[in-house]
Amino acid sequence: MAHGIAVAATEIIEVPGCEIEAPLGRGGMGAVFLARQLSLDREVAIKVLASELADDPLFLERLEREARTMARLRHPNIVAVHDFQKLADGGAAIVMQFVEGGSLRELLQRHPNGLPVAQALRLIRQIAAGLSAAHAAGIVHRDMKPENVLIDLDGTACVTDFGLALPKHDGSTRLTLTGTAMGTVDYMPPEQLRGQEVDERGDIFALGVILYELLTGQTPRGSFDPPHRVRREVSRALSLAVMRALRPVAADRFASVDQFLLALDGSQGRGRRTLLVTSAVLLAAAAGGAWWHYQQPVQTPAAGPWHDALAGVRIPADSINGAWTNERGVLTSNERTSSLILEETMPEFYDVKTRFTRLSGMHSVALFFTASGSIGACDLDAWGEGLAGVQTINGRSLQDGYGFRFSLENGRSYEMFIEVRPGLVRVSVDGVLQKEFDIAAQSLAIPQPWDWPSRLRRVALGIGSYQSPTRFDQVEWREVKMDFANSAGR
Numbered sequence: 084m085a086h087g088i089a090v091a092a093t094e095i096i097e098v099p100g101c102e103i104e105a106p107l108g109r110g111g112m113g114a115v116f117l118a119r120q121l122s123l124d125r126e127v128a129i130k131v132l133a134s135e136l137a138d139d140p141l142f143l144e145r146l147e148r149e150a151r152t153m154a155r156l157r158h159p160n161i162v163a164v165h166d167f168q169k170l171a172d173g174g175a176a177i178v179m180q181f182v183e184g185g186s187l188r189e190l191l192q193r194h195p196n197g198l199p200v201a202q203a204l205r206l207i208r209q210i211a212a213g214l215s216a217a218h219a220a221g222i223v224h225r226d227m228k229p230e231n232v233l234i235d236l237d238g239t240a241c242v243t244d245f246g247l248a249l250p251k252h253d254g255s256t257r258l259t260l261t262g263t264a265m266g267t268v269d270y271m272p273p274e275q276l277r278g279q280e281v282d283e284r285g286d287i288f289a290l291g292v293i294l295y296e297l298l299t300g301q302t303p304r305g306s307f308d309p310p311h312r313v314r315r316e317v318s319r320a321l322s323l324a325v326m327r328a329l330r331p332v333a334a335d336r337f338a339s340v341d342q343f344l345l346a347l348d349g350s351q352g353r354g355r356r357t358l359l360v361t362s363a364v365l366l367a368a369a370a371g372g373a374w375w376h377y378q379q380p381v382q383t384p385a386a387g388p389w390h391d392a393l394a395g396v397r398i399p400a401d402s403i404n405g406a407w408t409n410e411r412g413v414l415t416s417n418e419r420t421s422s423l424i425l426e427e428t429m430p431e432f433y434d435v436k437t438r439f440t441r442l443s444g445m446h447s448v449a450l451f452f453t454a455s456g457s458i459g460a461c462d463l464d465a466w467g468e469g470l471a472g473v474q475t476i477n478g479r480s481l482q483d484g485y486g487f488r489f490s491l492e493n494g495r496s497y498e499m500f501i502e503v504r505p506g507l508v509r510v511s512v513d514g515v516l517q518k519e520f521d522i523a524a525q526s527l528a529i530p531q532p533w534d535w536p537s538r539l540r541r542v543a544l545g546i547g548s549y550q551s552p553t554r555f556d557q558v559e560w561r562e563v564k565m566d567f568a569n570s571a572g573r
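Residue numbering for the sequence shown follows my numbering, starting at 84 and increasing by one per position.
Computed spacing ranges between beta-carbons, pair by pair:
no. : residue 1 : residue 2 : range
1   : A338      : T408      : 41 to 51 Å
2   : R438      : G185      : 39 to 49 Å
3   : E418      : T302      : 56 to 66 Å
4   : D308      : S402      : 53 to 63 Å
5   : A400      : A338      : 39 to 49 Å
6   : L170      : G108      : 11 to 21 Å
No wet-lab data here; the hints were simulated from the structure. Think of the CB as a built atom: it goes at the ideal place given N, C-alpha and C, for glycine as much as any other residue.
Given these sequences and hints, build the entire structure.
Structure below.
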């Protein structure tokens, strides 16, 4: 039996299968409640369409599209949707993950002069990771703002509220007319204000506004200074990346969220490597306001050619443990704990990707890699709990809860992609960014269950499977050059 809570004197909310506990907030389309899903005995958030909108099929369709859109996007930085229900009173509700900790707007209100730069960058990278997953699925959010980012108690940012999201390639009927601007004005790019089509670069504009607020505590309206002129702790290189995201012409912004993330990587040179910027600043007028431009485009790290890490592997000389076979460059491990050396040296910064298929078993597949002078492991489906990510970091394993969850299906091919950058490691699976790991001033190590010999020749790159026969079809790496000239003074 469903229970209800009074929202107004004449309105009682009932959602079958859920016991509503408390109101969480109200927006333009309805209210959000904390509830308990009785069948699984877990806390959930329920978004209920406002009663005054329930008779409008356009809003019902928009809420259902929001639920379907979010349900397609499985990512640790996107709020998960569990169910969509049409209610007895003609309304509808979305049952979704409850993120305890408040919104990004509430966090900003507690930091009127901006967050610490490192925290601001960590949050924007997580938000960008969620948007990157949405874009990879063909979804443009179109309403990114701090209210639509929830911060969990562990500091994880989760994107929510895809009510204005637009699927780009599925032939869906538009729920807004061309020429009509919908969204939140401060975060809308000029093309959206004019009612024109908005693509991924519109979300990048909103990311730029949010990052500007995170760094300065101010919303960039009309004529505004670059972030480094507002706050001395912000480098000119980082300021340049923000200002490029805010350019009024979509073609002048970053072409993708991944390019934006690369620029953020390049801006954090740890005092040695920063982006080359010019001192010329141009003032241009657009969309009824004035916008700052830097003369030069952002320089992003340059990637070298790909190298085949499987070429030249010698079995058994390169085997650390287990038994391996090599059939025309395709390596396969056996049912024992198996590890194999691929490279003895690697560049300081690089990308590496591996395509593999777990043939049987139920345990992890790993890529061993070097970062910050030490070697660690990136595991998928580890510890028998579906844990994934980089381990160990300063002695902490994925069992300490800092990773993400990714369970492998036997017989299915996956591609793991790792980006090693200054002070961080970014992990993607099948083209979707899963999580970024902060390794600045931290040491990596191989988890004990891999049972590496104490005396082992130098290893900088390797592969492994834990008691689960796995076929590795491809392992390739490329150097990423981040040798940027030091920028001029502020």
